[in-house]
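K.L.:
Next come the chains, spelled out residue by residue.
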Amino acid sequence: MRPELHFHAMGTTCSLFGDGDLLEGERWVRRIAARITRFDESSELCELNAAGGRWVEISRELEEMLRASLRAFELSHGLVNIAVLPSMLAIGYTRPLVAGPTAPALAEAHSAPYLHNVLQLRRGSARLAHSARIDLGGIAKGWMADRLSELLGGHVLVNLGGDLFARGEWPVGIAGETYLLRDVGVATSSTRKRRWGELHHVIDPRTGLPAASGVEEVSVVANTAFEAEVFAKTALIGGMLR
Amino acid sequence: MKDPRGFLLKVGATFLSLLATAVSAAYVSAHVKNPNAPLQPPVLSSSIRPADVQPVTTTYAS
Chain A
1 MRPELHFHAM GTTCSLFGDG DLLEGERWVR RIAARITRFD ESSELCELNA
51 AGGRWVEISR ELEEMLRASL RAFELSHGLV NIAVLPSMLA IGYTRPLVAG
101 PTAPALAEAH SAPYLHNVLQ LRRGSARLAH SARIDLGGIA KGWMADRLSE
151 LLGGHVLVNL GGDLFARGEW PVGIAGETYL LRDVGVATSS TRKRRWGELH
201 HVIDPRTGLP AASGVEEVSV VANTAFEAEV FAKTALIGGM LR
Chain B
243 MKDPRGFLLK VGATFLSLLA TAVSAAYVSA HVKNPNAPLQ PPVLSSSIRP
293 ADVQPVTTTY AS
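Residue numbers (our numbering), protein chains in the order written: chain A, 1 to 242; chain B, 243 to 304.
Calculated directly from the structure, the hints in this document are not laboratory data. Any given hint might turn out to be false.
Said to hold, decoys possible - Some chain A residues well away from chain B (every beta-carbon gap over 10 Å; in silico): (1) T94; (2) L106; (3) S111; (4) G154; (5) G161; (6) P171; (7) G173; (8) T178; (9) Y179; (10) V184; (11) R192; (12) V215.
Stated by the list, open to error - FRET-style restraints, in silico, Cβ to Cβ: (13) A:H8 with B:Y269: 43 to 49 Å; (14) B:L260 with A:E74: 22 to 28 Å; (15) A:G176 with B:S288: 42 to 48 Å; (16) A:G214 with B:L260: 19 to 25 Å.
Said to hold, decoys possible - Anything over 10 Å on all C-beta distances counts as not near chain B; from chain A, calculated: (17) E24; (18) G53; (19) P86; (20) H116; (21) A129; (22) S131; (23) E150; (24) N159; (25) W170; (26) R182; (27) V186; (28) A187.
Built from N, CA and C at the ideal position, the CB exists for glycine as well.
Turn these sequences into a full structure, and let the hints steer you where they fit.
P.N.:
So, in structure tokens, the structure goes:
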């Protein structure tokens, strides 16, 4: 019987399979999730968002995720931009969706700033421009899946809400088919979930509104779950080449 | 020679042009790219293959 552990964190279902201390893995996920949630004013992320342009001391994990976010911005030519939080609030995603969205105020949605202009990092600290607000979203899940698979080591599969990393060989379902994956990451990005009415949670940073590229769902296999997440979201927002 | 200064400038310019050409040719000859290199390497082909078994988990949007 293969050891496995399922739990709820970051507003989604997380599953760990294989070797290593899976319970410690769950504790790690909960610890990091508590630091980066935007729904708890005492989290590191909320403190950074509320710092009013001042430098703020941050944990090594948040620093690494913010550096990954800057890289995601570059890899996606700006389509994956964590500074879309004001637009997410404007469309009514102001609290966990289990509590339901609030009334949208679409007039307040606006294009996101160039991330490098509003987010600065130093070793152990970060500064966010006074006017900017960030939400790590899927970037955090991808980064955490990669990192947790390293921490657990051995033959392990980490699935954090669909962003997963397979260390060793594992059969994984992707778009209705099963594939044997070895030492790769997978992510799926979709506008079908976290949707209410005409609105959904994937923001196009160019418009500040929910992405309307015509593509509804994208799954990507890449070297890491982080890269898979970035490329899936880029494709979802950018759409098909015409 | 009516304008020795102009002539010297022309000789100098010609010499510099030939020198730049020779140095460039030497550089590219010493840094030859493999013409058989693929435009894009195979991506993850050994890391993913279809399987006829039950998946332990699936990727999904959340």
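K.L.:
So which of those numbered hints doesn't the model satisfy?
P.N.:
Hint check: 5, 6, 7, 8, 9, 10, 11, 13, 14, 15, 16, 24, 25, 26, 27, 28 fail, others pass.
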